[in-house]
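Here are the chains, one letter per residue:
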Amino acid sequence: MNLVSMKGISKSFFGVYANKDVDLEINSGEIVALLGENGAGKTTLMNILYGIYQKDDGILKIKDDDVCFKSPKDALKYNIGMVHQHFTLVPSLTVEQNITLGENFKGYPFLKTKDREAEIAKLSKEFNFAINPSELVKDLSIGQQQRVEILKLLYRKAQILILDEPTAVLTPQETESFFEVLKKLAKQNCAIILITHRISEVLKIADRVVVLRDGVKELDDKTKNLNKNTLSKAMIGRELKKQQIKYVPRKEVGLSLKNLSSIGIGRNISYFNFDVLKGEILGVAGVDGNGQKALAESIVGIRKYSNGKIFIDGEDITNLSTAKRKESKIAYISDDRHHDGLLLNYSVEENLLLKGDASKKYYKKGVLSKNILSQDATSKIDEYKIKTYSSKTPIRLLSGGNQQKLILAREISEETSVVVAFQPTRGLDVGASESVHDKLYQKQKEGASIVLISTDMDELRKMSNRILVIHDGMIMGIVDNDQNLDITKVGLMMAGSGVKNG
Amino acid sequence: MIALITSIIAAAIRIATPLTFAGIGEAINEKSGVINIGLDSIMLSGAFVSFYVCNKTDNILLGVFAGLISGIIISLFHGYLAIKGKANQTIIGLALNFFALGLTSFLFLVGFGTSTELPTCRIVSNISIPLLNKIPILGEVVFSQNIFVYLLFLTIILSYIIMYKTSWGISLISVGENPKAADTAGIDVKKTRYLACIINGLLGGLAGSYLTLAQLGFFMENITNGKGYMALVAVILGKRNPLGIFLAALVIGVADATQIRLQTAGIPLPSEIFTMLPYFVAMIVLLFSIKNNKDPLALGTPYERNAR
Amino acid sequence: MDKKKKGKIISIFLIAIITLFISWILILLVGTSFTKACSGFYKGILGSSYNISEVLVKMSPLLLCSIGISVAFQTNFINIGADGQLYIGAIIATIVAMYFNLPTILVLIIALILGFIFGGMYSLIPGILKSKFGISEVINTIMLNYIAIGITGILVKTILMDKSGYFPMSPEIEASFPIIIGKTRLHLGIIISIVLALVVQFWLDRTKSGFYIRAIGQNVRASRCAGIKINKNILISAMLSGGFAALAGVFEILGVQHRLMVGISSDFGYTAIIVALLANNKPKNCILTSLGIAALQVGSLSMQRYAGVPSSIALLIMGVIVLLHLGNEALFPFLYKESK
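Protein chains in written order, with this note's numbering: chain A, 1 to 502; chain B, 503 to 810; chain C, 811 to 1150.
The following block holds chain A by itself, in its conformation from the complex (with noise of 0.2 Å):
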């Protein structure tokens, strides 16, 4: 049965096409997945199905109802669900209290938490979810959150649920039980949307795959008749680049943590002992909230320690703060670019500053020079080919890669000792994901140590010489990464079993 129908779909966001005249049939019982780069417009195509945003254009029909959703409210009356990348659960409440939330029930305004919570707990058995109603959100992990997430759906009846990257937060394990509960879902005769911009997946559990190109549509068809080459040519207009030949590392050792512990908010790591040589890529993989922040920022000298020690170079950096390790070459690249690298309403020249005590060549007897950093920003502006009106606009007007690269140019122009990135790529399209890793290969065979933070075990694969595997801020092993490396063994690590190795 036809669930949706979308006919010649348009958004557009301050005069640039998100969405550009697209078809989309789902029926019920049916996996689709949405494929696309970042970008490409996926999300903005379902936000207009869930109601978040309102079409230009087109014509939407639920069962053969024309509607335009003015809020998920609306959405919800149509039996559809989303579940967002980033979860809208909110952590100080309970699970029941999360999945009934805004919910009309009986009794209302008066809360019957009891009757609910004995609901919720047979839903959740229904699935095999294994989720205690009246535990707070907060407590519960990645994984759980996301089942409260989709038990909110069922709860309310979805009959076409949206998923927004769902596998970016699970270990390769737990994604095989979650598509488990997907195909028990579509033969319920729900509609399943995935999106996702990984092409292994959609291969594995999708019906029929869908992708958007540039806000347009660039095919649609069986997933029996597709394979990957023929996706990602749709998907990014070419096919993806050949695997490079890895560096060898240099025999000495670059960055060495010794036992280090590290204390503050959230999780952190504890007895750390790894080596990174020059010119080696370590790579640092986990499922996202294991330590890998604390990591980061025990490197970068933001987060304080219990106890061990850190070397650069076989120099003891252990007692220095952030602003001199800037200056004795540390590199950081954070995964949040807007919180943690950049002063959004300043301008390009003035995020250039934004780097310790290693800004000091754009002062002269302590008075900034406008000229040095206007001719440096200039350089770094055609190196890194940063598409921006001038050095002196703002940094908020400027596209996500293109910020990106700022920070790239900011933090590795000069000559570097140790390279920490934190999700280089998280959010920048293919083009520029393999500036930026161009960018880590050069600083490689320059000699630099580099630890390379990822949930994404395709870049990881691509790029790291060895991958370190951290779960619950542990170090469950570091293995090589070659053609022997067994990726389920890599999940099962993921996961928390300790395989001791290499």
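All clues stand as given, with none of them false.
Stretch by stretch, here's where chain C covers chain B in the computed footprint (C-beta under 8 Å, at least three residues):
no. : segment
1   : 601-610
2   : 726-738
3   : 769-778
Here are some, though not all, of the chain B residues that point toward chain A, as calculated from beta-carbon distances under 8 Å:
no. : residue
4   : 667
5   : 668
6   : 670
7   : 672
8   : 673
9   : 676
10  : 680
11  : 685
12  : 689
No lab work stands behind these hints, which were simulated from the structure alone. The model shown is predicted, which means the values in this text are computed figures rather than measured ones. Think of the CB as a built atom: it goes at the ideal place given N, C-alpha and C, for glycine as much as any other residue.
Got chain A sorted already, so can you dock chains B and C onto it with the hints?
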């Protein structure tokens, strides 16, 4: 001795009443994610408008009603600039304080001139509740107060139930903690926030009415004199819980009542030593209460659904 | 041109027109003729060279306090305590003048230095309470205003009291900053404060430590990642802020009023917040905005004398202007609408 303590506590309750009214309103406002440090502006306008109407019509009820409306208008204006205009909420609150101070002072002089005789208005009388007022200590402290104080007790209970025992309270928390989650669950974030602003204005206006129509019976320039900030202290100290806010306001009230007693006790020391007491107490209790104090995650941040 | 910039410029004119209109209504409300009120206002600020000098006399403490407030607001340290810090400066100046038996020039210099230091330390209290314990500086600075006034009250009744009189005030202080125009009260402080505004602006714009201050206000986390010490810099901005406000107090005692008492500040510290907000927290803009606000205050006082319009109209108008300025994107959305 007991008589002294009873009278100090009774006085403390009278001092705590406007702070608690305004504090509960602000707590609800903050739980929805909007912080308004301009409580003085709400109270001041409530106090002035109540006084003006009561003076001209000699009708207390009408005075209170007008005071509430004026409080709501001021609070909604803050809400509009904060929710729609996405301006810095703290700064807007601060600016509103200046505005309201100027407005009420100006209108007071225009309305009543600068005669030496202070214009006055009727004030509400105390109502003793039969039987209950015979209970030792409690009878005088709690059951021989004016209507505003009884209204306060009702407000505390009602707001407590609404905040912790109904789905409205859950919605309020969700809007302040994760507006996107609330939005996707079908809760209207902006409406909830505006509603919280209205409640804040209503209770703040009531606090203002109390000052002129229950406590003083007259109006003067800057009559609130920083009481709004004291209410903010109570909000933080009471961890945004109506009962906690009342207790916190009582602490400040006791400090203030005590200093007034000490001033009139004829101790040969500069009176400022005593008048400074409540401010010291406020700073010190803040210092000790700050542990485990968690602001709503979205406090002070406007919500934009179409944000990309 | 940037649509936003264009909107901002038009909004300035809109604000001016709306403000004039509101003033017109307010004056009608009083029942005076608009022209009479205007001429009263004009006489007050430009009527004679003495009137002009009085505007500048008022401007000096406003400017000094607003420089401090701007620096604090740059790191998001919402310092509402300038009034209290001003009193601390005034107390120090009085103590130095009364108890340090030194040549005038030394008294002046020492009073400025010590006033700056003690004002800075006074402002460090809420600074430390914020950075170490996370307590809102908004409340603490307000509380410290009341406390500073209390301290002043105690002192002028005890050790700093004029023993020859009955009033709670200090004896008249002889040491004085040089008057720069004869027969007026205009003292050297006005020049010093204008120079300071320019120096502080230069420091913010063109030095590394100044950049750190600005960066923190823009984005705390990014600043921390760049190795900027957040707490240290917030404390620096708090301290400078208190120091500048205290200088205003020193100049009030040793330049204008020559006697310490409760009430030497006509809410300078609060009014200066408006000055800083209208200047978008830029010290160099504070020069103009403090001049404007001082003229508004002096002019409205004269308007009260000549036309019977209550001088609190100044505060009301300031409130209107600052609200229109801060909320202009919400109030005049048509200026900022993106053309599709």
